[in-house]
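2 protein chains.
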Amino acid sequence: MLTISFIPFREFERVKDSKVEKFQKLQILSEMCRFNALSAVKKAGSGHLGSSLSALDINIMLYFEVMNTIEKGIDSPDRDIYYSSKGHDCPGQYSVLFAAGILTWDQLLKLRRLGGLDGHPDVSIPGMEANTGSLGMGISKAKGMAIAKGMKGYGGTVFVMTGDGELQEGQIWESLQTAAHQKIHKIIVIVDFNKIQTDKLVKEVIDLGNIEKKFDIFGWHVERCDGHDFNAMDKAFKTLRGIKDKPGVLIADTVKGKGVSFMEGPASLKEGNGVYKWHSGAPGDDDYERGSNELSARIDALLAGCGLAPLSPEVVETREKNRPRLKDAAEKVVNAYGEALVDIGEKRKDIIVLDADLSADCGLRPFEKAFPERFIENGIAEQDMVSMAGGLALHGFLPVVNSFGVFLSSRANEQIYNNATEGTKIIYVCHYAGIIPAGPGKSHQSLRDISLFSALPNCVIIEPCNSQETRAALEWCVSETKDNCMMRLAISPSPGKIGLPDDYRFEIGKGAVLKDGEEAVIFAYGPVMLHEALIASELLREKGFSLKVVNMPWLNRVDQGWIEEAIGNCRAIYVLDNHFTRGGLGDSILNGLNESEKLRGKPYSKIAIDDYPVWGTPQEVLKHHRVDGESLAERIYN
Amino acid sequence: MLTISFIPFREFERVKDSKVEKFQKLQILSEMCRFNALSAVKKAGSGHLGSSLSALDINIMLYFEVMNTIEKGIDSPDRDIYYSSKGHDCPGQYSVLFAAGILTWDQLLKLRRLGGLDGHPDVSIPGMEANTGSLGMGISKAKGMAIAKGMKGYGGTVFVMTGDGELQEGQIWESLQTAAHQKIHKIIVIVDFNKIQTDKLVKEVIDLGNIEKKFDIFGWHVERCDGHDFNAMDKAFKTLRGIKDKPGVLIADTVKGKGVSFMEGPASLKEGNGVYKWHSGAPGDDDYERGSNELSARIDALLAGCGLAPLSPEVVETREKNRPRLKDAAEKVVNAYGEALVDIGEKRKDIIVLDADLSADCGLRPFEKAFPERFIENGIAEQDMVSMAGGLALHGFLPVVNSFGVFLSSRANEQIYNNATEGTKIIYVCHYAGIIPAGPGKSHQSLRDISLFSALPNCVIIEPCNSQETRAALEWCVSETKDNCMMRLAISPSPGKIGLPDDYRFEIGKGAVLKDGEEAVIFAYGPVMLHEALIASELLREKGFSLKVVNMPWLNRVDQGWIEEAIGNCRAIYVLDNHFTRGGLGDSILNGLNESEKLRGKPYSKIAIDDYPVWGTPQEVLKHHRVDGESLAERIYN
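Protein chains in written order, with the numbering used here: chain A, 1 to 638; chain B, 1 to 638.
If you are wondering where the hints come from, they were derived from the structure by calculation, not from laboratory data. Please note that a few of the clues may not be correct.
To be verified - With a straight-line cut-off of 30 Å between C-alpha atoms, the simulated BS3-like cross-links for lysine-lysine are:
#1 B:Lys246 with A:Lys213
#2 B:Lys369 with B:Lys277
#3 A:Lys244 with B:Lys369
#4 B:Lys482 with B:Lys349
#5 B:Lys110 with B:Lys183
#6 B:Lys349 with A:Lys152
#7 A:Lys369 with A:Lys270
#8 B:Lys482 with A:Lys623
#9 A:Lys510 with B:Lys602
#10 B:Lys203 with A:Lys244
#11 B:Lys246 with A:Lys369
#12 B:Lys543 with B:Lys497
#13 A:Lys183 with B:Lys347
#14 B:Lys72 with A:Lys213
#15 A:Lys482 with B:Lys623
#16 B:Lys203 with B:Lys349
#17 B:Lys332 with B:Lys349
#18 B:Lys246 with A:Lys195
#19 A:Lys195 with B:Lys244
#20 A:Lys203 with B:Lys244
Claimed, not checked - Partner residues are not named here, just some residues of chain B that face chain A (Cβ under 10 Å, in silico):
#21 Ser175
#22 His221
#23 Ile352
#24 Gln468
#25 Asp503
#26 Phe580
#27 Arg582
By construction, the Cβ of each residue, glycine as well, lies at the ideal position given by its N, Cα and C atoms.
Modelling step: build the complete structure from the supplied sequences, incorporating the hints.
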């Protein structure tokens, strides 16, 4: 059996109250927080450990030594403020906030669960000062906060953590340049310089060069030290606090995965042949036990060295070891996409694949390996990637541009528009589309991407529902249209494989009936929502209500003849959007109905996400927003 | 009488064929191009002279000495490529392309006219290599082009001009960092370092510091010289051509407005008390004559010095001098906005106004002068500005964020979303909304902004139609809602003042009937489209058809009771959008109709812009897209 344990607050109190040398104590607290962060991610089933661990000593140093936040209180206007601009390191920060008495035991145990702790920072959580998680915004926000403090005459400094890969984002350099000019000196930035971004060395992805000199020439005071050495950090922060005429930065040299030997950057990279595997995702059962044991042994040794009794963690969950997991067996459209990309790339030598540091998540590794000369790794610089694709398209290539939908559709929106106005053709692939997985929260849940592409006259938007349709969709985008294409792809494993009719052909504006029915019809798309719609249909059938389920992968193209046929004699029409209420398929179908003499005026309802999405497990979140099968059945029946 | 003259191609041929020393000849050609650029902008009635003139010698140097483009032909795959990333300096570039025989006389005379030359670069124009005009994308595009050349084995280097203010854009630094890492060495960037951005010194807006060192530390080879000295440029470009291991940049020290004494940076700044007035806009009649005479005198002197006969320009237009202009007398909602901002700012000390280098255009000067401590000039760094506003809002301020709609809604889209998820309140003001003025082309015409804000659940979108409604809208945004607000404002003068009913109250979701009618109803908003709708109503009345015209400033909030009343017994419903077909008011009203038992199924048509907008005069463009009053009347009557 596997047991998951956490260190309770009283143990932190015991250490805090002990008469141990200051920085020795911080080290013990830090290792204890590592233990809890590891357990929190394991319990959640996902989360970012690598940079939680690299940033943990800095977090401890800030909250327990440098900042006045605990002392003043997290609501004091005079408090020092800390947040992480990268945001994904919040499991580490949560464990520190728990150690500080700001978060509760119940909260700590509910990472990535509904009503618990978001997978990326959210201001509704005590102690979290800003919503972050999409990269590059943190220093800009700090400018606003520091000015606000100044104008209101409040005390306190704003401390912002950034990643190193994050320094590839253009907004960072905007904020560095403007902060220096605007003489905002109550900001201290800490770069968690752990040298590894998602899964490769920063210097392999997009080298930052001499970052000390870069900050310096942008007008910032620069300090540099070992981010795991409390004495060195103490000195650096004291110096930075003393700088009154410009903003300051601490380049903290850290080790990704610090504290768990096999997760530490150098060891892990060697083992993975240059690929780091602990950026995100929960460790397997054996790895969790190994890491957890390693940390508790080290903590006990440190405690013993200070004459203190060993640790008493509390077991909070016991489960069978190595249970089978959905994601090991289920179909993933992104895998089908990755394979199709290689097959099509073999035939079409004009295809160039662009990536912004998400190659593995976006299923691009097979193409990257097969055609390295036609794969461009652009780092975390989405705007640059998209405009670069524009240049390639103007000169005869067909670029396939990849990132998570929430980033690609919005961060690079104006660049996409600009390319589209040139009349070239580019395929944009918005991965991680829709509300699921919901663990990482609003920064990652992509519910606006359809609306953000919808007003481009020459762009077709498609979301396929299974492997077969993914391949067909990509082939269509490459070969059958002169328009730009946006493909949305779900990133999570399909909860149930969506079956398509044997005679199904992928034709513009036409979907497929997946389940026949006479009373009402529901249009949906993608593996997540079609699965829920099919469940709803089953549940309604038990009540004697017949709901037709139609797969409609064309999110902004509706064939009038087909939709009239698909609706047939159904008395009511529903559309289920994996998107906010405005701008999704619901609006496309509504426009289609309006254009049809036959359909105009039929009872029609859009079912969609009508508020910012909550975080949690898929079922928690679907149910909360009333788009799970059961809720759908209720909404349609009543 | 005022005469507008251009220098014909034969005169350029005469100079090119003469036996004059190489760089002396380039100087003469350059001054001749200045003459034509000045006349083109004067004839067009708008355009960017300041940086056309600062960049002109560089353009001449590139086309006539450095690049192989004229010799190889503008369609040769082996050609050198040049374009300007800032784009607004195209009147200068067009005059050079005319001198090179690439653009025709007819084209030169049709700057900013339908079928002529776009106010910002467009690839449909011979010799224009990329669509630019929104800042910061040029180097990224060059990366794609240079890689394409490399992969196809073609020759040629990509030369990209940037502005200096443009270096405030984050994408620039993304592209510099990635280009160096990706070892793309067939790119040469030229910074037109004229030291003045829109209307103030770069060092006052957001100082760039030591830009040579910045490029150097980002991995670029840096040369610097006087951008008006052909010998110095020759040497610099030869050096840059020789650099094979990294991309190169020439920092060209130039003078904004170079060649027309009173437009030159130092003189003009002194005269304007630190404000430069020749960035955009056509000179008045007297200024045109003065500038034109100055240039022709200089050209004749240069020609005489080389033993050549004086210039023979051709008069292409003669008109009465100092005619009254619409924009001097007509109402501008942006002025009302600027005044209201001061009045409200007086009462509400929590209001902070943010600007991205468009203070005058956005009507912010009055606020800037009245409350300098609550006005933040952020330079051309929209993402940073928006996130900074987020920080201010989290700490108790009400930020009012300004830029042109096309930039603000798309460049900073993810930052706007991120702020909105924090549950704070921010007012975004999208200036230059809609299709008019159309002279500057697609990079400036904002036809997607409603759709880009529409999927934010907590954001109200409003476009007021006149001064009275602008003031009411701003007051509503500040005082009457907890939601975020997006206000769209037309920038051009109203062709006719829109009158509102005496008893009109600005209430959420409710508009106002401007003209009664029984047969059909048209909903529109803003000064431009309401004006056209009212004209259509007049024209239809002459035909005996009665069209009701309704002002509906709430673009994503529709009061059901009100709309049922507003439609009344009209048999047909129209919405006229100053926006692309998808995502505008048309979709909001369609959703409203669908939710009403009474209205669902009524004949309903959206009238909107269904393709990328053309450039031209307001009437040319409205007519082309069939949204002028006459076309509307036809569309509704038939």
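Structure-based check of each hint:
With a CA separation close to 19 Å, the supplied pair B:Lys246 and A:Lys213 stays within the 30 Å bound. The hinted pair formed by B:Lys369 and B:Lys277 meets the criterion: a straight-line CA distance of about 18 Å does not exceed 30 Å. Under the criterion of a C-alpha separation no larger than 30 Å, the hint pairing A:Lys244 with B:Lys369 is consistent with the structure, at around 28 Å. Restraint check for B:Lys482 and B:Lys349: the C-alpha separation of about 17 Å stays at or below 30 Å, so the hint holds.
Of the pairs offered as hints, the one joining B:Lys110 and B:Lys183 is violated, with about 41 Å between alpha carbons and a cut-off of 30 Å exceeded. Our distance criterion of 30 Å between C-alpha atoms is met by B:Lys349 and A:Lys152, whose separation comes to about 11 Å. With a C-alpha separation of about 19 Å, the suggested pairing of A:Lys369 with A:Lys270 holds against the 30 Å cut-off. For the suggested pair B:Lys482 and A:Lys623, the alpha carbons sit about 27 Å apart, so the restraint of at most 30 Å is met.
Between A:Lys510 and B:Lys602 the CA atoms are separated by roughly 26 Å; this keeps the pair inside 30 Å, and the hint holds. For the hint pairing B:Lys203 with A:Lys244, the CA-to-CA distance comes to about 21 Å; that is within 30 Å, so the pair holds. For the suggested pair B:Lys246 and A:Lys369, the alpha carbons sit about 26 Å apart, so the restraint of at most 30 Å is met. Distance hint between B:Lys543 and B:Lys497 is fulfilled; the C-alpha atoms sit about 25 Å from each other, no more than 30 Å.
Of the supplied pair hints, the one linking A:Lys183 and B:Lys347 holds, its CA atoms being roughly 28 Å apart against a limit of 30 Å. For the hint linking B:Lys72 to A:Lys213, the alpha-carbon distance of about 42 Å lies beyond 30 Å, and the restraint is violated. For the proposed pair A:Lys482 and B:Lys623, the alpha carbon gap of about 28 Å is at most 30 Å, so the pair holds. The hinted pair formed by B:Lys203 and B:Lys349 meets the criterion: a straight-line CA distance of about 29 Å does not exceed 30 Å.
Proposed proximity of B:Lys332 and B:Lys349 is supported: the alpha carbons are some 26 Å apart, at most 30 Å. At roughly 23 Å between alpha-carbon atoms, B:Lys246 and A:Lys195 fall within 30 Å of each other, so this suggested pair holds. For the suggested pair A:Lys195 and B:Lys244, the alpha carbons sit about 29 Å apart, so the restraint of at most 30 Å is met. Between the alpha carbons of A:Lys203 and B:Lys244 the distance comes to roughly 21 Å, so the proposed pair stays at or under 30 Å and holds.
Because the closest C-beta pair between B:Ser175 and chain A is about 5 Å apart, less than 10 Å, the hint holds. Residue-level restraint check for B:His221 is violated (minimum Cβ-Cβ distance to chain A is 14 Å; threshold 10 Å). With 10 Å as the threshold, the beta carbon of B:Ile352 comes within range of chain A, its nearest partner Cβ sitting at about 8 Å, so the hint holds. Interface hint status for B:Gln468: violated, as the beta-carbon distance to the closest one in chain A is roughly 29 Å, over 10 Å.
Checking B:Asp503 against chain A: minimum C-beta separation of about 32 Å lies over 10 Å; hint violated. This hint holds: B:Phe580 has a C-beta 4 Å from the nearest C-beta of chain A, less than the 10 Å allowed. Proximity of B:Arg582 to chain A holds as hinted, the smallest CB-CB distance being about 5 Å (cut-off 10 Å).
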